[in-house]
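Could you put together the complete structure from these sequences and hints?
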Amino acid sequence: MKFKVKTWLSIAFVIILTLFIARPWIEKGMNHLPVGEYSVDFVDNSGYRIRLERPADTIISLYSAHTENLFALGLDREIIGVGTSDIYPYQVFSKEIFDYKSDPEKVIAARPDVVIIRPFIERHSPDFVKGLRRTGITVVSLYPDNFNEFDDYIMKLAMLSGKEKVAERLLTEFHEELATLEGQTAHLDDRVGVYFESSDREYKTVTSESMAAYGIRVAGGMNVATDAVPIEEGSSIAIYGTEKIIELADDIDVYVTQRGVMGAGGNTHSISIRPGFDVISAIKHDKVFEINQKIISSPTFRFVKGVKALQRAFYPEIFDAVQVNQVITREHLSEILVMYGHHMIFVPTSSYYRDEDRSHYYGALVDVTVNHPSFDMIETALSKGYFESVLVEEEEYFYPENTVTREEFATILYMINDLSNVEIEISDIDYIENERIVQAVVSAGLMTLDQGRFLPNQGVTRQDVIRGLGL
Amino acid sequence: MKKTILLGLIGLLIMALIAGCAPDANKQAMLVVSFGTSYADTRELTLDATEAAFEEKFASYDVYKAYTAQTIIDILEERDNIDVYNVREALEELKKENYGTVVVQSLHVMNGAEYDDMIAVIDDFRDDFVEIKVGKALLTTHEDYEKTIEALSLNFPERADNEAIVFMGHGTHHEANAVYAALEYAFEAAGHKNVFVGTVEGFPEFDNVLARLEANEIEKVTLMPLMIVAGDHAENDMGGDEDDAWKTMLKKAGYEVEVYMHGMGESQGIRDLFMAHAEEAIGE
Chain A
1 MKFKVKTWLS IAFVIILTLF IARPWIEKGM NHLPVGEYSV DFVDNSGYRI RLERPADTII
61 SLYSAHTENL FALGLDREII GVGTSDIYPY QVFSKEIFDY KSDPEKVIAA RPDVVIIRPF
121 IERHSPDFVK GLRRTGITVV SLYPDNFNEF DDYIMKLAML SGKEKVAERL LTEFHEELAT
181 LEGQTAHLDD RVGVYFESSD REYKTVTSES MAAYGIRVAG GMNVATDAVP IEEGSSIAIY
241 GTEKIIELAD DIDVYVTQRG VMGAGGNTHS ISIRPGFDVI SAIKHDKVFE INQKIISSPT
301 FRFVKGVKAL QRAFYPEIFD AVQVNQVITR EHLSEILVMY GHHMIFVPTS SYYRDEDRSH
361 YYGALVDVTV NHPSFDMIET ALSKGYFESV LVEEEEYFYP ENTVTREEFA TILYMINDLS
421 NVEIEISDID YIENERIVQA VVSAGLMTLD QGRFLPNQGV TRQDVIRGLG L
Chain B
1 MKKTILLGLI GLLIMALIAG CAPDANKQAM LVVSFGTSYA DTRELTLDAT EAAFEEKFAS
61 YDVYKAYTAQ TIIDILEERD NIDVYNVREA LEELKKENYG TVVVQSLHVM NGAEYDDMIA
121 VIDDFRDDFV EIKVGKALLT THEDYEKTIE ALSLNFPERA DNEAIVFMGH GTHHEANAVY
181 AALEYAFEAA GHKNVFVGTV EGFPEFDNVL ARLEANEIEK VTLMPLMIVA GDHAENDMGG
241 DEDDAWKTML KKAGYEVEVY MHGMGESQGI RDLFMAHAEE AIGE
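Chains A and B, in that order, give the protein sequences. Heads up, the first sequence is in this note's numbering, so the first residue is 1 and it goes up one at a time. Heads up, the second sequence is in this note's numbering, so the first residue is 1 and it goes up one at a time.
One thing to keep in mind: the hints can contain errors.
To be verified - 25 Å max Cα-Cα, derived SDA-like pairs, lysine to any residue:
(1) K284/A - D232/B
(2) K133/B - H262/B
(3) K252/B - K305/A
(4) K220/B - E388/A
(5) K193/B - S420/A
(6) K287/A - D232/B
(7) K287/A - E242/B
(8) K284/A - H262/B
(9) K220/B - N417/A
(10) K252/B - F375/A
(11) K244/A - D41/B
(12) K252/B - R274/A
(13) K252/B - K284/A
(14) K252/B - E435/A
(15) K244/A - E77/B
(16) K220/B - L446/A
(17) K305/A - D241/B
(18) K308/A - E242/B
(19) K65/B - L446/A
(20) K284/A - E242/B
(21) K284/A - V259/B
In case anyone wonders, no lab produced these hints; they're calculated from the structure. If you're wondering where the values come from, they're calculated on a predicted model, not measured in any experiment.
Below, the structure written as structure tokens:
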């Protein structure tokens, strides 16, 4: 009898121990779901099997790229919460913020159908994620390691939210657009050599498999750091070092530095003053460009914008060739000015929105939303101060179709040039808001008078723009 | 007898060991504390040069440096392999090296939040040195204002009645923020017309400066940083080309703008004033 009890106890111990050790696999396989039909059924990037009977109706997204892509899929009401650093699109500011570094209780209380994270969050805050899973909330961990996994990643987001059709359409458009962009430089024999700085800590670049390297290829550039070895298997980051960069000095026609995140690449100024960097061709010829990480290394549809930005940086003679229309609208002049100044498109960082005194906030325009064809040109022109937005009942408008007055154009010319303030005779000076600006612009020969009059409120003409910008 | 000698020797050894560990009042260190900058070009011209001036002047002291901005320290370590102490680490090091006399000189513009934080750390080390003294920040006494004005005005361009100098300071929530308006007043009192002082994050704001320019019928402005280094704020907030940079906002309002991109640390007069503060601390 005594022997039997011992045997039973041993068997029970072995079973309990086995179950305990195998708990993660059992949890992943079962996921606390009843047997039945599932419209969502896939394995996520942390190895969990995700099964939902129907698409989620309430989602909390804790990673900026997920949030951005969910909005791109057409969701809004369903997104009931976003992460602490999510700033795009502008609608995120109406959403509640959740922090994976704090207690999971706030998320649990919001009762989402699904919480979407990325493997980094699982590694960084395992207790937070476990806390959510224990309450039965479906936690989905997604992240595409390279560009080839992008479609699969988007389709998983689409499955979770029931937006497969939209996703398929967006992906088709996305790939078609990239193919078109690639075709635009396919005929070029002489390609620019590009060095891409992903971080100035240990002078890191990107591997050939990274999104950024793919973007460089699509934009018609030739990545000079093809021998870069990833810091660890599967990583898109590679340490390169100053010596190797300087060795390639003559081959680096364009130096692209990725900005916008902690530990990113240096800025134009800090790169230009690095010891030994003055021999690099791109630095000698002022060809250092800053690009926001969100449009070149983040798995979102905005990658197309990043590729277009690179095209303009690589081949300005083709992609920044300014065409001036007969009618100069605010939208058209924005485009002209951004191309004329070879400005990289403006993409804000999260600190941008912390400044409470801005007269305009990126993405806030009611009449120029993210889907507007000239969104980037207009936002960039606004970021340079060339235009002002108009506040109507606490909502911001740009009025892209409105024409530009001669005085408005004079102000822009004054801003982009270093002109001297000179007093000259102008017969309708009383109708001019800022006499100094108009006098300086006219006396520099950038704009002309009509029988002594400046006519400040008349629309600026095509000839005015061509003369003023010296096109 | 042998035992007594042996015990005596052991006693002597212990005393020597204790003496070896105790701070040595004759061993003097000067710790120069600044905010720090990650911009190598301006750092060489300002902070490094000022530290070198301290080394030359205070030859009987070993000069150490520390930064108060941990973010800058981290960037320099990770990016450039440059190790800079924070204040606590520096004092730990001085303690380990048995310095008895320590003079800490702040390279801050005012006795504000950064200065207070520095003092709080120093207070933890009061018992670890025979003597620890602290030199005040740049703008402390009225005489400091006069000397600062004298040093800064050496770099003023020749200017007509409709031309102004606009200094950009950092600004702070700390009560020491009053130094900015006081400095502008002191410039006026010293006979320097049309010198205005504004801040990025405090009072006076840019709009206050703009109102002063308008009221004084100014048409041309030279922007100068009221900062020890010409780093990120000077490059971007003051002389940058984004819509919120002072240069852009001034041009948009019809002012000709010149930018003087040199930190105050480049001025010998400013360095001399910091060194005078260190001397005052020594003499206390």
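Evaluation of the provided hints:
1. For the suggested pair K284/A and D232/B, the alpha carbons sit about 22 Å apart, so the restraint of at most 25 Å is met.
2. For the given pair, K133/B sits about 30 Å from H262/B by alpha-carbon distance, which is inconsistent with the 25 Å threshold.
3. About 29 Å separates the Cα atoms of K252/B and K305/A, which puts this hinted pair outside 25 Å; it is violated.
4. A distance of roughly 23 Å separates the Cα atoms of K220/B and E388/A; the hinted pair therefore holds under the 25 Å criterion.
5. Among the hinted pairs, K193/B with S420/A is consistent with the structure: their alpha-carbon atoms are about 22 Å apart, no more than 25 Å.
6. Pair hint K287/A plus D232/B holds up; C-alpha atoms about 21 Å apart against a cutoff of 25 Å.
7. For the proposed pair K287/A and E242/B, the alpha carbon gap of about 19 Å is at most 25 Å, so the pair holds.
8. Annotation: proposed proximity of K284/A to H262/B holds, straight-line Cα distance about 23 Å (limit 25 Å).
9. For the hint pairing K220/B with N417/A, the CA-to-CA distance comes to about 14 Å; that is within 25 Å, so the pair holds.
10. Taken as a hint, the K252/B and F375/A pair is honoured in the structure, with Cα atoms around 23 Å apart against an allowance of 25 Å.
11. Under the criterion of a C-alpha separation no larger than 25 Å, the hint pairing K244/A with D41/B is consistent with the structure, at around 22 Å.
12. At roughly 33 Å between alpha-carbon atoms, K252/B and R274/A are farther apart than 25 Å, so this suggested pair is violated.
13. The suggested pairing of K252/B with K284/A is violated, with an alpha-carbon distance near 31 Å, which exceeds 25 Å.
14. Proximity of K252/B to E435/A is assessed by CA-CA distance (about 12 Å); at most 25 Å being required, the pair is judged to hold.
15. Restraint check for K244/A and E77/B: the C-alpha separation of about 20 Å stays at or below 25 Å, so the hint holds.
16. For the hint pairing K220/B with L446/A, the CA-to-CA distance comes to about 20 Å; that is within 25 Å, so the pair holds.
17. Proximity of K305/A to D241/B is assessed by CA-CA distance (about 22 Å); at most 25 Å being required, the pair is judged to hold.
18. Restraint check for K308/A and E242/B: the C-alpha separation of about 21 Å stays at or below 25 Å, so the hint holds.
19. A distance of roughly 52 Å separates the Cα atoms of K65/B and L446/A; the hinted pair therefore is violated under the 25 Å criterion.
20. Straight-line distance between C-alpha atoms of K284/A and E242/B comes to about 24 Å, which keeps the hinted pair within the 25 Å bound.
21. Proximity of K284/A to V259/B is assessed by CA-CA distance (about 23 Å); at most 25 Å being required, the pair is judged to hold.
Checked against the numbered hints given earlier, the structure breaks hints 2, 3, 12, 13 and 19 and satisfies all the rest.
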